[in-house]
Amino acid sequence: MKHRGRHRRRKQGRAVRAFLAGTALALTAAATMISASQATVGDNPGALEPLTGAAETGALSLHEQLAPQAALDELASRMGRPVGVRSVLESADRSLRTASGCTADERTALPVAPAATRAYCWDAADTRAWRAGAVTTSGDADDDGWWNDNRVLLAGWSQGSADRGLARVSFVDANDLARLRYASALLVVPVDGGRDYRALTSRLSGMVWYQDKLLVTTADGLYVYDMNRVQRTTVDSAAVGRVENGWSAHGNRFVLPAVGSYRLTGGSAAPRIGAISLDRSTSPDSLVASERTAADSDRPARLWRYDFSTDPARPGLLATDATGSAHAVEAYETEASGIGGVLSHRAPGADRSDWYVVRAPGATDRHGSLWRQDTEGAEATRCGSEDAPRCWGVQSGPLSYWEATGEVWSQSGEVLFAVPLESIDRALG
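Using our numbering, the final residue of the sequence shown is 429, and nothing's skipped along the way.
No lab work stands behind these hints, which were simulated from the structure alone.
The model shown is predicted, which means the values in this text are computed figures rather than measured ones.
We treat Cβ as the ideally placed atom computed from N, Cα and C, and that holds for glycine.
Incorrect hints may appear among the rest.
As the list claims (entries may be wrong) - Pairwise CB distance ranges, derived in the manner of DEER restraints:
1) 313 with 44: 42 to 48 Å
2) 300 with 175: 24 to 30 Å
3) 81 with 50: 47 to 53 Å
4) 374 with 100: 35 to 41 Å
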């Protein structure tokens with residue numbers, strides 16, 4: 001997908017990258033001392049073990065099911081013409097605080113090493129009772145980092161239990177990195193042939209914005225959203241769906257209706273999908289995923305990838321065969337557990353990809369850890385007098401690489417932050 005003003009924006013992207021590379025957040029001495037003193041030497045997850053057997057990779061297959069066009073058109077005819085990302089950004093009336101405006105407790109959620117270059121804290125009143133679950137950016141949507149004329153960050157949130165609650169996406173206007181503002185849209189699923197919609201009730205754990213589609217992971221697979229099909233609501237109430245005087249979305253002014261889904265077909269052998277991210281260093285671009293396991297699990301987890309379709313008629317969708325199935329094109333087993341974020345990237349000239357995984361803190365740890373793995377071994381960022389690996393965020397948040405700026409975006413609790421990939425690699429040795 002190409003957009004207007006591409007060359008002008010590339011120059012702006014280089015300027016932003018240079019600015020960000022020259023800035024780093026200094027954590028308070030107290031926060032660093034606390035983190036280091038509570039860090040323990042975690043178990044090394046070791047080398048990745050390739051999975052090549054048909055049974056092993058077959059368990060990772062997804063089946064695609066797209067919503068009928070008639071149902072989507074019916075919903076649009078009843079709610080009004082869909083709007084785009086720009087309309088959501090123009091309505092942004094919530095602000096994120098910069099690092100200097102975050103509380104000391106909030107800043108302790110940041111990585112100890114390497115240091116974040118940018119950090120922001122959410123509006124506490126707006127995010128109360130919501131749980132952060134995913135991050136993606138316009139750097140995923142298009143390789144120049146822009147969506148039309150805007151730089152955008154997306155953050156996913158869940159409320160309620162794993163299978164009974166609400167999910168929403170916050171659209172953050174990132175054109176001015178010193179002044180981030182946002183508005184949110186509730187994730188919904190059309191029902192009754194497009195005459196109504198229901199809330200997406202499953203807790204989201206990962207999110208990738210690729211071309212015009214947003215892929216969201218839930219407990220049973222992935223939902224697909226079309227970023228050109230944002231709909232406005234007309235009633236401000238706690239209800240979700242069609243109400244007496246119009247359309248409501250639990251107080252949100254926008255909804256994003258699902259246009260399709262992918263379901264795992266491996267039965268009991270299939271994993272629970274946890275984190276996902278985009279890898280632009282492969283050809284074609286690919287979606288990488290990690291298996292969700294408990295932080296204290298002694299069972300290996302799986303890491304794998306799917307190719308995105310190169311068919312112009314299928315923008316943002318996975319590559320599928322004649323039966324509508326998307327198959328894993330690469331898969332590994334790792335001894336890492338409690339993976340909350342996953343990233344795969346191949347450096348220019350390298351003969352293989354590095355896999356980065358964020359692990360949740362252990363029972364006696366304050367901070368999580370960040371590991372880089374390949375088929376030869378694993379290395380973690382380390383800090384403190386014991387040179388321990390528990391140096392990442394307090395929570396095992398997502399990883400999203402913004403290629404145009406060279407930064408990895410993540411979230412730890414109520415703190416959204418960015419770290420250059422070069423800084424991570426330097427810290428890993």
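* Unmet hints by their number, sorted upward, for this structure -> Violated hint: only 2; rest satisfied.
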